[in-house]
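4 protein chains.
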Amino acid sequence: MSINSFGHLFRVTTWGESHGPALGATVDGCPPGVAIDEATLQHWLDKRKPGQNKFTTQRREADAVKILSGVFEGQTTGTPVQLMIENTDQRSKDYSEIKDKFRPGHADITYFQKYGIRDYRGGGRSSARETAARVAAGGLARAAIASLVAGVEITGYMVQMGPHKIDRDRFDWDEIVRNPFWVPDARAADEWASYLDGLRKSGSSVGAVIEVVARGVPAGLGAPVYGKLDTDLAAAMMSINAVKGVEIGEGMSAAMLTGELNADEITMGPDGPVYSSNHAGGILGGISTGQDIVLRFAVKPTSSILTARRTITKTGEETEIVTKGRHDPCVGIRAVPVGEAMMACVLLDHLLLHRGQVGENRGHIGESPA
Amino acid sequence: MSINSFGHLFRVTTWGESHGPALGATVDGCPPGVAIDEATLQHWLDKRKPGQNKFTTQRREADAVKILSGVFEGQTTGTPVQLMIENTDQRSKDYSEIKDKFRPGHADITYFQKYGIRDYRGGGRSSARETAARVAAGGLARAAIASLVAGVEITGYMVQMGPHKIDRDRFDWDEIVRNPFWVPDARAADEWASYLDGLRKSGSSVGAVIEVVARGVPAGLGAPVYGKLDTDLAAAMMSINAVKGVEIGEGMSAAMLTGELNADEITMGPDGPVYSSNHAGGILGGISTGQDIVLRFAVKPTSSILTARRTITKTGEETEIVTKGRHDPCVGIRAVPVGEAMMACVLLDHLLLHRGQVGENRGHIGESPA
Amino acid sequence: MSINSFGHLFRVTTWGESHGPALGATVDGCPPGVAIDEATLQHWLDKRKPGQNKFTTQRREADAVKILSGVFEGQTTGTPVQLMIENTDQRSKDYSEIKDKFRPGHADITYFQKYGIRDYRGGGRSSARETAARVAAGGLARAAIASLVAGVEITGYMVQMGPHKIDRDRFDWDEIVRNPFWVPDARAADEWASYLDGLRKSGSSVGAVIEVVARGVPAGLGAPVYGKLDTDLAAAMMSINAVKGVEIGEGMSAAMLTGELNADEITMGPDGPVYSSNHAGGILGGISTGQDIVLRFAVKPTSSILTARRTITKTGEETEIVTKGRHDPCVGIRAVPVGEAMMACVLLDHLLLHRGQVGENRGHIGESPA
Amino acid sequence: MSINSFGHLFRVTTWGESHGPALGATVDGCPPGVAIDEATLQHWLDKRKPGQNKFTTQRREADAVKILSGVFEGQTTGTPVQLMIENTDQRSKDYSEIKDKFRPGHADITYFQKYGIRDYRGGGRSSARETAARVAAGGLARAAIASLVAGVEITGYMVQMGPHKIDRDRFDWDEIVRNPFWVPDARAADEWASYLDGLRKSGSSVGAVIEVVARGVPAGLGAPVYGKLDTDLAAAMMSINAVKGVEIGEGMSAAMLTGELNADEITMGPDGPVYSSNHAGGILGGISTGQDIVLRFAVKPTSSILTARRTITKTGEETEIVTKGRHDPCVGIRAVPVGEAMMACVLLDHLLLHRGQVGENRGHIGESPA
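Residue numbers (our numbering), protein chains in the order written: chain E, 384 to 753; chain A, 384 to 753; chain Z, 384 to 753; chain R, 384 to 753.
Hints are computed from structural coordinates only; laboratory data are not their basis. Note that the Cβ used here is the ideal one computed from N, Cα and C, for glycine as well. Hints may be right or wrong, so weigh each one.
Said to hold, decoys possible - Using 16 Å as the maximum straight-line C-alpha spacing, the simulated EDC-like pairs for lysine to aspartate or glutamate come out as follows: (1) R:Lys584 <-> Z:Glu643; (2) R:Lys697 <-> Z:Asp654; (3) A:Lys697 <-> E:Asp654; (4) Z:Lys697 <-> R:Glu648; (5) A:Lys449 <-> Z:Glu469; (6) Z:Lys449 <-> A:Glu469.
Unchecked claim - On the chain R side, residues computed to face chain A include the following (Cβ under 7 Å): (7) Pro415; (8) Leu735; (9) Arg738.
Between the sequences and the hints, there should be enough to build the whole structure, so can you do that?
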């Protein structure tokens with residue numbers, strides 16, 4: 384039940400502070416026999432590494448992941464896997480001036496009120512760096528998924544930056560890895576580059592919407608009501624730092640549809656049911672249909688901006704705060720691999736749960752009963 | 384860890400099918416000494432009862448809740464409380480024609496694929512009636528919250544029906560209980576009445592957005608990262624039947640904001656910190672700030688409509704389906720008390736978790752250290 | 384995580400008080416497609432029913448179990464199964480005199496200290512009647528086990544009553560159901576009948592040791608360290624009312640053995656490994672070996688005896704207490720089917736966990752690697 | 384729910400293999416504001432360190448614990464604490480000869496059957512070294528308990544080695560730390576020294592019984608039925624490597640008592656209830672009474688002995704095995720601090736659970752109702 388853990392059978396507990404000696408993830412329940420090594424996990428972390436371009440945090444760090452347990456002769460043993468990333472670039476002095484002030488929009492004030500103690504260096508645990516551990520865990524989850532089911536692909540990309548949305552008609556999967564924003568629309572990539580450059584120079588920041596799609600997921604994952612696949616996905620995405628909304632399929636727009644427009648009609652194909660559309664986002668009644676699972680989450684803008692904001696100190700004095708140093712004009716960019724990692728962790732968890740609860744799907748449409 | 388349970392210390396497991404003998408909720412972890420009786424719980428259920436007006440399901444039922452355990456001499460004992468609601472009005476024959484067809488947009492097909500067995504009568508467990516159990520559990524949670532903290536108020540209301548949104552400038556708390564939609568805008572109530580009447584006559588249906596506000600919640604609830612208050616709230620709302628999106632505070636719109644516009648500045652008041660705005664929706668870093676907790680969730684339209692839809696049978700034959708009988712033109716209306724109930728359950732759970740984990744808030748702003 | 388629930392994937396939450404309207408078990412995670420009905424569960428409950436003989440409580444009750452959910456057309460659906468047993472024979476007046484006194488050896492005093500409220504009628508929830516719900520859940524578990532693995536047999540029997548132990552040389556499986564004590568030793572059955580008769584007449588009571596054996600359990604169940612099969616079995620048995628000790632295999636006597644005597648040597652048979660002995664009780668490193676799983680638990684004597692005992696009242700006054708009315712001279716007799724039920728619940732849970740975590744055993748001794 | 388985690392609110396997940404790079408414990412849910420540092424934890428580890436005397440494993444290692452997260456400026460922050468112990472002395476070659484044979488009495492065979500992969504070096508995860516992580520976690524738990532409740536003392540000691548038991552009449556608390564066996568009986572210490580020396584020379588091994596007492600524990604800890612304090616204690620002790628039996632209070636001997644002899648009578652003292660005896664071991668109905676909590680667990684003899692034993696290889700060939708190198712003639716000695724650590728972890732967990740569930744005890748005997 385641990386409050387800092389996530390998952391049921393595939394369980395991830397992240398630990399570590401932004402400016403502590405290290406951070407990591409204790410991953411329990413990974414199925415045995417999964418081939419994994421540090422290089423594979425590093426690949427996923429590098430996707431997230433800041434400093435790749437001028438749009439993300441200027442902070443340089445190695446982000447080198449080590450596997451401390453749970454892997455023997457290149458395979459998981461089924462025992463807990465400890466992933467550790469040492470913090471090598473901390474520059475604590477950037478934050479020392481503001482150790483008694485609460486940054487608006489950050490968890491500084493709520494952490495202090497709750498715990499009476501706050502690691503003020505770089506946001507402590509609530510910092511976006513905590514997500515490095517999640518990305519590492521997600522890399523392990525991806526490998527495990529591949530060992531269980533062939534053909535599952537998880538892809539995340541930005542669909543909105545500030546007020547700017549992509550043009551779905553120009554959607555190009557291949558474009559995603561060609562620009563610094565993981566946006567599947569080449570024109571948007573150009574426009575957003577200028578836009579964000581302007582924001583960065585003015586010390587401002589903006590939010591974003593990230594969409595994550597999982598293709599090739601078998602039908603049947605998720606258990607009714609509270610163990611729903613979409614429930615766990617919503618929780619996973621909402622747990623990412625700075626996320627304020629989550630949608631599955633049509634999402635908030637589902638409210639606007641009528642029943643006729645919303646229903647995904649069903650016909651029969653050679654391999655099973657075929658759906659005429661995917662308003663449901665691949666999940667019906669909390670269980671995967673076999674269609675693409677489509678979700679989106681919104682990330683609010685970074686609060687560490689160079690404009691002075693009114694706030695108070697620990698002792699209740701009113702003051703102003705200006706956060707200098709490194710900051711992200713759009714944390715949404717970094718959230719793309721994190722969203723993918725969470726999708727991977729939840730899907731793996733549900734693949735194991737499904738196998739445990741029912742073994743394999745028991746209802747075969749079109750076949751005579753066993 | 385049960386997949387059909389919800390909560391950590393205050394844990395609710397719902398059980399029962401729409402057309403089974405009964406349904407209910409096993410509520411575990413309710414603090415002892417809470418004054419509760421069946422009449423109090425019934426009040427919350429009656430708020431949900433269909434047949435109140437012609438806009439909700441025509442199905443008549445008593446929805447009478449019984450307390451079978453966990454209460455002695457009018458107080459909770461701290462042991463599991465079993466709440467049961469017997470099904471008295473079922474009219475199974477309404478559905479018998481379609482027992483081999485999968486209704487598009489429903490969990491019929493996914494349940495069958497996963498379990499190989501499906502209670503086709505009225506949607507079985509995925510039916511909206513399962514929420515009666517949640518509303519009963521929510522009634523108990525409200526009573527428990529009141530025994531722990533004075534002044535917490537939980538109110539839900541509709542802010543959108545189909546394409547129609549309320550006018551926030553006409554927002555009137557008192558209007559909520561005066562119309563059949565729980566909408567805080569008298570003019571919208573009139574407009575929506577006509578709109579929905581038209582939909583009902585044509586056999587169509589529409590979605591909705593419900594907003595739930597919790598006032599008077601103390602700061603400090605929620606634990607960092609995965610045990611965040613917003614994570615549990617998101618999961619709770621997403622678990623409601625037909626929900627496709629969840630937002631906290633600005634929600635999906637947070638993406639559009641710049642850092643300056645999004646930050647809720649902090650000043651000092653006589654009783655503690657005062658926020659200039661509430662874009663955060665009352666939660667920062669997963670922990671409550673003491674501000675109003677504001678969330679919204681979107682409900683997709685009912686799929687049981689009187690228009691024929693293409694689908695397949697269990698044996699894979701293509702066919703059409705028309706669901707006659709009773710249906711909701713807008714299930715969103717019924718989701719309002721359910722959203723309130725889930726808010727109550729999650730808040731109680733976090734009040735207990737907070738008390739267990741830290742006792743009481745340890746950081747007092749403005750006071751000299753203890 | 385619920386504190387009143389048990390199990391991981393197959394999860395049982397019992398509810399209900401001895402003198403409340405009903406008691407029962409919410410069973411979540413039962414695999415779908417298991418054939419079950421009330422008569423089958425009733426069989427297991429009848430094994431437990433008091434009044435069968437003069438040695439158990441004189442309390443007469445129907446103990447009729449009802450299935451309120453989770454079963455459709457004779458099969459489990461995979462959704463929560465609600466089992467309910469209504470209390471029909473309560474005779475509250477037996478206890479009313481002592482509602483302000485704490486019975487020594489009972490949970491009366493600790494319940495009151497913790498909760499400030501105590502259902503004094505018949506021991507409330509801590510009463511042995513709560514185990515009726517467990518036995519019902521165990522009946523469901525047995526059916527589910529049979530649907531997963533053929534040939535698993537779970538048998539419990541008494542091996543000690545007070546100071547009297549069975550003679551292992553006279554062990555006879557068939558004798559177990561032929562006497563009122565479920566003791567596999569006909570001579571012991573005779574001796575114990577006289578012994579217990581004497582105790583009953585004098586209003587005294589005595590403890591017992593129950594042994595439960597599970598045969599035909601496949602190797603591989605249990606996860607290392609905390610998710611060990613013996614860990615869960617120990618917890619399950621210790622949770623039974625009045626249990627004070629649990630042993631696996633050699634149990635406490637393992638301390639006396641030397642390494643040579645304790646080691647179960649391994650040879651190879653046609654179907655796999657063969658062990659020369661079973662000091663381990665069928666579990667090595669927390670994982671089943673495929674041998675008989677053998678455990679024992681000790682039940683302390685009933686504290687409700689007809690001799691006056693010194694105690695205090697709720698207001699702290701010293702007094703004496705004599706419990707009249709119905710009582711068990713040896714609750715151990717009733718614990719036999721409960722021990723079997725707990726064994727069944729834990730084994731089913733681990734069969735599902737095993738399937739979820741690894742699928743099926745991956746290491747095949749004697750075969751060339753896959 | 385993680386299978387390798389332990390606890391509800393204070394949750395410990397151990398990780399790491401005997402011969403991997405490191406091992407450790409992820410401790411989640413430690414209350415904030417607890418003063419802790421590496422030296423304090425090291426104290427508890429040193430108590431466990433092998434090589435202290437010739438009776439424990441000859442393996443030398445630093446066993447230096449590092450705190451990687453969750454502590455800031457000398458206090459816990461309430462976030463996960465990562466404790467890591469690097470493996471510095473491994474001598475893998477000791478085991479390489481036997482990498483394809485299963486040591487009788489070890490988890491080698493069951494691990495292989497379940498996972499198909501086995502870290503054969505030194506017993507991998509099932510090795511007793513895994514308990515170093517538990518002892519470190521226990522050190523943190525002790526500090527947290529002290530911050531919550533004054534006066535709780537947890538002490539473990541041996542009461543039996545092989546067939547030799549201590550003489551309770553010679554019980555001396557001060558003797559415990561003066562001999563290499565933590566036995567509270569000076570004469571037994573002498574006798575056992577000779578006895579064990581003989582065993583060691585012959586390459587044999589023997590089991591032990593360890594008793595752990597917790598004094599000063601407030602009444603009210605534990606929740607009814609499955610969340611019982613004794614249930615969690617039993618699970619905790621049974622999870623220790625090589626444990627085969629657990630007892631609370633009278634334990635297995637409770638079976639032999641009559642009701643009159645077993646009942647702990649109650650009188651009233653200046654500070655509350657006073658019990659005439661403690662057959663219950665400090666727990667009634669799963670809830671602590673305020674008396675000393677007394678438990679015992681039995682450890683089976685080490686299976687790594689210098690005598691040849693019959694076994695099989697991974698490929699099913701019959702063979703013999705002789706384990707040379709380092710081994711423990713009595714692992715029970717090392718289990719003493721582990722038992723203490725588990726007691727500390729469970730008690731802290733229940734202190735937090737109690738606070739979360741009920742706040743503080745609500746029933747005050749002798750006082751007028753609030």
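Structure-based check of all given hints:
1. Note on Lys584 (chain R) and Glu643 (chain Z): the hinted pairing holds, with a Cα-Cα distance of about 14 Å set against a maximum of 16 Å.
2. A threshold of 16 Å between alpha carbons decides the hint, and for Lys697 (chain R) with Asp654 (chain Z) the separation of about 14 Å falls inside it, so the pair holds.
3. Of the supplied pair hints, the one linking Lys697 (chain A) and Asp654 (chain E) holds, its CA atoms being roughly 14 Å apart against a limit of 16 Å.
4. Among the hinted pairs, Lys697 (chain Z) with Glu648 (chain R) is consistent with the structure: their alpha-carbon atoms are about 15 Å apart, no more than 16 Å.
5. A hinted pair counts as satisfied when its Cα atoms are at most 16 Å apart, and Lys449 (chain A) with Glu469 (chain Z) qualifies at roughly 13 Å.
6. Restraint check for Lys449 (chain Z) and Glu469 (chain A): satisfied, since their Cα atoms lie roughly 13 Å apart, inside the 16 Å limit.
7. For the restraint placing Pro415 (chain R) at the interface with chain A, the shortest Cβ-Cβ distance is roughly 6 Å, inside the 7 Å limit, so the hint holds.
8. With 7 Å as the threshold, the beta carbon of Leu735 (chain R) comes within range of chain A, its nearest partner Cβ sitting at about 5 Å, so the hint holds.
9. Given the 7 Å rule on beta carbons, the hint for Arg738 (chain R) holds: about 5 Å separates it from the nearest Cβ of chain A.
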